[in-house]
Structure formats: C-alpha cells, structure tokens
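Colleague: Next come the chains, spelled out residue by residue.
There are 2 protein chains.
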Amino acid sequence: MSYKIGIDISGGDFAPHESFKGAVLANKELAQKIVLIGIEEEIEREAEKEKIDLENFEVIDAPEKISMDEVGAMSIRRKRKSSIAIGLNLLKERKIDAFVSCGNTAAVVSAASLILGVIEGAERPGISVLIPTAKDISLVIDVGANINPKPLHLLQYGIMASLYYSLVFNKENPTVGLLNIGEEESKGPDFMRIVHKLFSSSPLNFIGNLEAKDIFSGRCDCVVSDGFVGNVALKVSEGLAEVIGKFLIDAIRKDLLGKIGLFLVRRSMRRFKRVIDYAEYGGAPLLGVNGVVIIGHGRSSSYAIKNAVKVAIQELQRDLIGRIKERLDEICKDSRVRQILTT
Amino acid sequence: MSYKIGIDISGGDFAPHESFKGAVLANKELAQKIVLIGIEEEIEREAEKEKIDLENFEVIDAPEKISMDEVGAMSIRRKRKSSIAIGLNLLKERKIDAFVSCGNTAAVVSAASLILGVIEGAERPGISVLIPTAKDISLVIDVGANINPKPLHLLQYGIMASLYYSLVFNKENPTVGLLNIGEEESKGPDFMRIVHKLFSSSPLNFIGNLEAKDIFSGRCDCVVSDGFVGNVALKVSEGLAEVIGKFLIDAIRKDLLGKIGLFLVRRSMRRFKRVIDYAEYGGAPLLGVNGVVIIGHGRSSSYAIKNAVKVAIQELQRDLIGRIKERLDEICKDSRVRQILTT
Chain W
1 MSYKIGIDIS
11 GGDFAPHESF
21 KGAVLANKEL
31 AQKIVLIGIE
41 EEIEREAEKE
51 KIDLENFEVI
61 DAPEKISMDE
71 VGAMSIRRKR
81 KSSIAIGLNL
91 LKERKIDAFV
101 SCGNTAAVVS
111 AASLILGVIE
121 GAERPGISVL
131 IPTAKDISLV
141 IDVGANINPK
151 PLHLLQYGIM
161 ASLYYSLVFN
171 KENPTVGLLN
181 IGEEESKGPD
191 FMRIVHKLFS
201 SSPLNFIGNL
211 EAKDIFSGRC
221 DCVVSDGFVG
231 NVALKVSEGL
241 AEVIGKFLID
251 AIRKDLLGKI
261 GLFLVRRSMR
271 RFKRVIDYAE
281 YGGAPLLGVN
291 GVVIIGHGRS
301 SSYAIKNAVK
311 VAIQELQRDL
321 IGRIKERLDE
331 ICKDSRVRQI
341 LTT
Chain C
1001 MSYKIGIDIS
1011 GGDFAPHESF
1021 KGAVLANKEL
1031 AQKIVLIGIE
1041 EEIEREAEKE
1051 KIDLENFEVI
1061 DAPEKISMDE
1071 VGAMSIRRKR
1081 KSSIAIGLNL
1091 LKERKIDAFV
1101 SCGNTAAVVS
1111 AASLILGVIE
1121 GAERPGISVL
1131 IPTAKDISLV
1141 IDVGANINPK
1151 PLHLLQYGIM
1161 ASLYYSLVFN
1171 KENPTVGLLN
1181 IGEEESKGPD
1191 FMRIVHKLFS
1201 SSPLNFIGNL
1211 EAKDIFSGRC
1221 DCVVSDGFVG
1231 NVALKVSEGL
1241 AEVIGKFLID
1251 AIRKDLLGKI
1261 GLFLVRRSMR
1271 RFKRVIDYAE
1281 YGGAPLLGVN
1291 GVVIIGHGRS
1301 SSYAIKNAVK
1311 VAIQELQRDL
1321 IGRIKERLDE
1331 ICKDSRVRQI
1341 LTT
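One line per chain: the protein sequences are W and C, in this order.
Quick note on this note's numbering: the first sequence kicks off at 1 and runs consecutively.
Quick note on this note's numbering: the second sequence kicks off at 1001 and runs consecutively.
So here's chain W without its partners, still in its complex pose:
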C-alpha cells in the first residue's frame, strides 16, 4: 500500500536543500507519494538545481517560515501559513497520511497538539527517540515535549513506547524502565515513587528504575523519562559524543605512529560513526497526537529525512494510532491504576 507523506521543506538547519533532497530520496527508494510543503519558489529552485521533475510530487505552497530559534507556541499562532501549520492541517483533513518535519521542535509539538489534538484517552504527547546501545536499539520517551508531566503522563508514555517498540521491532513485551537516580524503588522525589507504583501495577514488562549510566548499555528497550530530564540526557550525550570524537582525533594526530594508525583505522571509524549516528534511525515519532508526526533532528541530512519517512510508514502500516487508543483504554481504566491515581 502506498501512502501520502508530507515533508516540511522549510524546516531544519540545512533547509530547503537537504529536506528537498530527502524528499526526493524517499520518493525514489520508498515508492511513496511525497507532498512537498514549503515556499513554492524555493522548491522550484531546488528542483531545477537537482534536475528533478516535480510532476512526481505534489507541491503545497507555505509562504511563511518558522525559524529554528523562535519561541514555538507563539510562532505557530502567528504564522498560520508556515509549512508546519499547513502540513499539520493537511494531516488533520486526511489529505496526507503523515507529516515529517526537521523544523523547530517546540513549534511542531505545540502545533500538533493544537491542530491534531491527542489520541482519545491520551493526556499529553511525548517525543520518543531511538538510540543505539551496546546491545541493540532503545527508545527514550519523553525528550522534551512535556516538562511538567503528571504521573499518568509517564505511564502513558510507557504504554505508547512499549507498543511502538513491539510493533516496529517485532519484539513481544519489550522491557520498560523508569529513568531515575537510583535503582531502588524508594529513589528520587515523591513524584517518581508514585510513577514507580503506577508502572508496577500495570501489565507492562516493567524492570523498575534505571540509572542514567545504563541508558546506553541497553539494559531495557524503552526508557521513560520526565521531558526535562530526558532532554538533558539526550543532549548531553550528543555533546559528549562530539567532544570524544574530537579528543580522539587530536590525541591520535599528536604522534607519527598515531597518524599512520589513524589512516588505517579510518574505515573502521566510519563504521563506528554509523553506529552512533542518529541519521540511521530517522526521526523521533511524536507519540500521543492524533496523526503520524515524525520530528527530525535539526541537523538532519537527506538520508536522515528519508529514514524519518520510513519510520512514518512503519507507524502507518502497523496502525500504531489505533493500537495506542485500544491499549490506553485498557490499561488506564484498570482499577489498580485508577486507585493509585486517586490516592
């Protein structure tokens, strides 16, 4: 089955060039109908540069642009003709099946909540990212959509993440851990103790609290976190990986043997880079909103954008939204869960 995927051509640090190239790549390799949403002239200019026939695409003009550093919620109210607002409205009207954007994350999150609303039964959307670990791949949710979560929000993130992971990686009952400052259930602020109780009483495959040092060791499939903490964990990792790479190259360049060695290990280093490269895993699904929305990293390459489209297709093929609705209904109405929430 073929889907219509809308791509935000104006979003991202390297827009419109990389987003346009990503859209072309997705069209070619994934055989989906791609809808290009952005400033029409820019799209035409890119098509000419890349010698691409726009006949194969649908182009929707979105003359306004939300920059990467604008305040998200505000910009979305002001710029109703931005690619983000127009794309999400197309999704709401079911004129496209999914929307992929590497633009301003906060703007995408607020616009999606505002325009699409949440899935029936869901409280708040959460951004989930896939990260490479020593063992395999883990999913971390939430990394910044919701910085003042209530206990129920985190339980719902766990439910959505577990479902997503099981559907996309064909793994039954993926493990779920709660990001905390120690493994014992007594650890952390009161808030985390309530969340721990909620997870314990749910049918999720809950392994308990997870210390941050175990995120990348791959101790569990899904890591649930407060959006503020998850955002910090993700970004400090990005920054550290960059600095380590730099340190290493510097250290190696300092002596002659190191230089020769560097030449020899270069191919392996590239392979290593591929392992830690977010581009391999595409974008971050915004789970909980009533429509398939994938948020790409601001620095996404065309390759990363193509992979984000792949993630969107997986969600659609497996009817993730329908399944989330069922599962939330089932777990969140459970009497044990309700009891913890009311005490």
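It is worth saying that the hints were derived from the structure and are not from the lab.
The C-beta atom is built at its ideal place from N, Cα and C for all residues, glycine as well.
Hints should not be assumed to be uniformly reliable.
Stated by the list, open to error - Calculated lysine to aspartate or glutamate pairs in the EDC-like style (CA-CA distance at most 20 Å, straight line):
1. C:1213 - W:70
2. W:21 - W:53
3. W:187 - C:1069
4. C:1187 - W:69
5. C:1259 - W:255
6. W:135 - C:1250
7. C:1246 - W:136
8. W:81 - W:41
9. W:187 - C:1070
10. C:1213 - W:13
To be verified - Some residues of chain C that are not near chain W, with every Cβ distance over 10 Å (derived):
11. 1053
12. 1314
13. 1332
Assemble the complex: chain W is given as a structure, and chain C must be docked to it using the hints.
Modeller: Using the frame of chain W, we list chain C on its own:
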C-alpha cells in the same frame, strides 16, 4: 603547612585495597598526615600485604561497614561506628582537617549534613564534580545531593562553585551557566525562570541558560543544576563514554587494517583515556557543609584517591569554607536577591 586528612578505608567498590593504597600514595606524594579510618584488622592486613609501616599513619578503628547499595540516610543512623560516621565526627571535633570517602554517596551526604551541619548562611550542601571539556575543565554542581532544590539553593550552588573554581584554578570571575533545556530565559519550568532571575540579579559572572549539549564543549566554567538532572547528566555521560569506547574497539577489530591501526594508535588512545578519566580530577567536593569533605567515585583507583586528597588540601589552603561564608552573606542578603525570593 601540613594537614591531617582522614581517609575512609572501608568505602568504595575496591575497598579496602584501593583506598589503603590511595592513602599510602597520598602520604608519600603529598606529605600530609593521613588518618586511616576503617576496620582495624583489614587495615593491618593491607599494610602487611603492601609492606607498609603503619607507624607513619594514625589508625582509627571503625568496625561497622556501610555497603554501596544501602539506603544512605537510614544506614547512617543505624551504623554509628561506620567509617563514615566516625570520620565525620573526627572532622567535627577538628581532630582531622578533611575527610575523603569513596563510599556510599547518599550516606556521606546525609551524615555530613547531620554531623557537621551547613556553613552559616548556606541552605543545603551540593556535590560538585570537575569534568574535562573540549576547552578545559568545568565544574558541575549539584549532581545528586539535593533532588528537591529551592531557587535559593541553586543560587548558593552558583556562589560556592564560582568561588571554588576561582580559588582552585586561579581564575577571576569564572563564568556560571544554568543547565536548562534551551538558552532563552523563558525556557524550562517556572522554577527555572525564577532561578534565572536570581542569577541575573547576582554579581556572579552569569552567562544565562546552558543547553546540555554544551556541558562538554566547555561553554562555561561552572554549570549549576538541579541535583536530579545533574546526576542524570553525569551518569549518562559516564555510560556513554564507556559504550563509545567499546563500539570503537569493536569497529576497529573488525578488519585487519583496523587491527594494525589499533596497535599503532594504542598509545594515543591511552592519552585520550587520560583526558576523559575522572581519576585525574580526584573527588567531588561536597560544598556547603561545615568542613572539608570530598566524595570519591565508587570505582576510584588509588591514584584517584590520592587526587581527592589533593583537592581537599587545595580547599584547606585557600580557606574555602571561610570564604564561602563571607560570600554567601554578601550576596544572599542583597536586596535584589531578597526581593525576587519574596515575590
């Protein structure tokens, strides 16, 4: 001037062996009087093994042991004859000048608060760690002592960190940043906006909010954080550095050229490891308590323990505690700061 430094021989993952060796190293290289606090028999056994004459040391028997995974606050009330409780009591009675422990962090923090109390004017102690960055060294405070901080606590962490950094690294007016999920002052929960205001109205060299990706790039000298968030940031970094090392070696080993290359770059890799090695920077000063207390990493080697003693000596030589008292008094009683706190 020579100081008397108490070392917790029972604390740490490799106790008593590494802590004893660390004490010997500190005695030899730093020419300080070292007081060994731990189970007497164990200390004697280690001395025999290492062929060390205990004449050069003072030995204080502390027959009880707090394990690394006990609940800190509880264990300290029950085990009054633990090395941690006895060491901190010696410090309180000024029978030692500083206490270094690689034991259960939560136990050291609660015992220090309980036994020593806080410096006059200080509200809550905070754990500060030094981390290597792309530029130099940064100090992060708090990494887990206080997981429910009030805005004033964070301001005080900034004051203490700035003072510590300026005294130890001879740098006037070190820069101070606030760990948040975005740089704009409107970012983060309400709590962080109040903290931002407090810092802005203080005489600290405040550069504003700092995103987690910039911690390791070295954008500022002192990074102030909520203890929960700081703990996660630190531990995720430790975990990631470990996994990256493993990934890299695996990738390199996969082909023959890589293997030869690995042999050639080995020396450089060791140099790189030294840069990211926490052992170089010794322990984490527990700032705000009324006495010099250094908390070492649980996995500290004897070399790291010696460096932790060095950190203690620096604090003593520069009369950090006296200076903190003056500075807290000056800044926290300022009318602008008081006004923000009361509105």
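Colleague: Against each hint, give a clear statement of whether it holds in the structure.
Modeller: Structure-based check of all given hints:
1. C:1213 - W:70: holds, 19 Å
2. W:21 - W:53: Between residue 21 of chain W and residue 53 of chain W the Cα gap is close to 13 Å, so the pair holds against 20 Å.
3. W:187 - C:1069: Roughly 12 Å separates the two Cα atoms, so the pair holds.
4. C:1187 - W:69: holds, 12 Å
5. C:1259 - W:255: holds, 18 Å
6. W:135 - C:1250: Measuring from Cα to Cα gives roughly 13 Å; hence the hint holds.
7. C:1246 - W:136: OK: residue 1246 of chain C and residue 136 of chain W at ~13 Å, within 20 Å.
8. W:81 - W:41: This hinted pair holds, its Cα atoms lying about 15 Å apart.
9. W:187 - C:1070: Holds, because 12 Å separates the two Cα atoms, which is no more than 20 Å.
10. C:1213 - W:13: holds, 16 Å
11. 1053: holds, 39 Å
12. 1314: Since the minimum Cβ distance to chain W is about 25 Å, residue 1314 of chain C lies beyond 10 Å and the statement holds.
13. 1332: Residue 1332 of chain C is indeed farther than 10 Å from all Cβ atoms of chain W, at 25 Å.
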